[in-house]
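Okay, here's what each chain looks like letter by letter:
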Amino acid sequence: MSTLDWVVLVGTIVAIVAYGLRRTRAPKNASTWLRGGADAKWYTIGLSIMATQASAITFLSTPGQGFEDGLGFVQFYFGVPIAMVLLSGTIVPIYYRTRVLTAYEYLEQRFDLKTRQLTAVIFLLQRGLGAGLSISAPAIIVSAVMGWSLMLTTLALGLVVIVYTVSGGTRAVNQTQQLQMAVMLGGMLAALGFIFSSLPASLSFGDAVDLAGVFGKMKAVDFSPRLETRYTFWSGLTGGTFVALAYFGTDQSQVQRYLSGESLTQSRLGLLFNGLLKIPMQLMILLVGVLVFVFFQFNPSPVFFNQAELETVRAAAPELATLEGRHAALTEQKRAVAEQWLEARHTGNELATHEQRLRALEQDDKAVRTEVRALVKKTDAHANAKDTDYVFLSFVMQRFPQGLVGLLLAVILLAAMSATASALNALGTTSVVDFWKRSVEPTLSDERGIAVARAFTVGWGVLAVAFAAFAAQLDNLIQAVNILGSIFYGPMLGVFLVGFFFKAARGTPVFIATLLAQAVVIATFVASDIGFLWYNVIGCALVVFFTLVLEPFIARPSTT
Amino acid sequence: MAEPGDEGRPPFFRTWGGAYVFVLVVLAVEIVALAVMSWSYA
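If you're matching them up, the sequences are chains Z and A in order.
Taking the working numbering, I'd label the letters of the first sequence as residues 128 to 687.
Taking the working numbering, I'd label the letters of the second sequence as residues 3 to 44.
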């Protein structure tokens, strides 16, 4: 990496953290530290919500997904605007009215202490693991591509986040996230512009999109009703809405963002802002991947995008050279046919024939790449044979001009930091509010509260970094923890929905219903192939169902 | 936190219902546009 890139990378990160801390000033008591002074405007809330959800994997995996499968992943976000509207109209006013600091605090007001602490424990478990992954997943990819030490990358990322989250609390997280999100969006727009400018001069934007369409990359909406297909219109609209309701409505790392709002109006506007921007933003990131795919129709591409892994295979398996030769020959043929296709678009001659040939060549090339993946796995059984997460970063490193490389790396590392900061902030808050102050030290003063909150945040930060270092050794764990999130979100949402909409429901039936629903969801995960987005719907519906069934059988407490 | 009058009009809209309908209409337009694009490349 050039000196200019280092200056841009380090300069951007240092400037943003310094700005966040300067705008924050040292908070003097726990309320300010936890709620950030309750003065955030809608744009701060909206950008902070978006930055919390946009982890580094968003900027690494999503272009890779666009490259491999096209725009279909955007369907996952169809539920977000619906969820933002539902939350603004229902849950958010209730949080404001009850003046809670955490989402789980509301559940004690509505049900009882055991329900509050059960949901808080579920959150701590899930988000604690998630915080580790939001550091380790990008650290693995960035260190492999850059040749940096994985351990040092993990430690450096973790340390920076811990420092500003602990010192400035919620306001520092919100303030830095505003700028982080602006840099992330600006960086991706610059990437989009650069990739488009790198395409052949004779290729217009319309030509590029149509060429991607020849390979099925522009199929954004799939109306097929198959439950096993991960992203369809139906799973996006139903499962996606439930995921978004659970994530934005009950996950403290998001709830804390909008509870720091100046007023209910500002919080609602922040959520609606997220609802309006989410789909265009994800489409833009997917389009980056699609344009990288188009770029490689006219330029040589690596047969496997994780270069470090490829070098290991090259040293151990001489047959790789044959596969690389076949891939290079196919790429050359594709380029020639793509140019003929481009010409035919203007003359109208044999356009369909060229399109058929392009698709056939792509199939052959896919077969070669599948063979390479099998070879990677054969050489090293622990290796990650999925290289789509490396597509974008390796493209940036090899093709982007000086300065822009540093900016894009900053985008990826800032995304890792923003997601982790919200998680640590929320983990510290929940530990203090729902456990320490509630069950250990009820007389905790506002002044001492800030020290306890900071201590918990440091503790969670250290745990997250330790887990990140451990997770780096176990690749399959990443997928497991992602699925773990969906397993827990459904029942969690169910508890809140019962609280809001079933006035007669009481604590004990809800508590038992949550445990039963959780058991059924885990059994479904173990015994079936249903796409994981559906776990959210099933878990939520089961909590409501079990509560209604159990309610008449559990004696009401005496009111004398 | 919430203040008196906080439940009032959102900017640019007569009621919150209007703001919610606007967000949902934008979503519907996006989905229809993406669906038409998907069919045109099918």
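Worth double-checking, as some hints may not be accurate.
Unchecked claim - Reference listing, derived: stretches of chain Z covered by chain A, where coverage requires no fewer than 3 residues with Cβ under 8 Å from a Cβ of chain A:
no., region
1, 312 to 323
2, 346 to 353
3, 399 to 413
These are calculated hints, taken from the structure and not from any lab test.
Glycine included, C-beta positions come from ideal geometry on N, C-alpha and C.
Okay, the hints, checked on the actual structure:
Remark: the region 312 to 323 of chain Z is not confirmed as covered by chain A, as 0 of its residues place a Cβ nearer than 8 Å to a Cβ of that chain, below the required three. With a threshold of 8 Å between beta carbons, the proposed coverage of the region 346 to 353 of chain Z by chain A holds, since 5 of its residues qualify and at least three are required. Only residues whose beta carbon comes within less than 8 Å of a beta carbon in chain A count, and the region 399 to 413 of chain Z has 5; three or more means the coverage holds.
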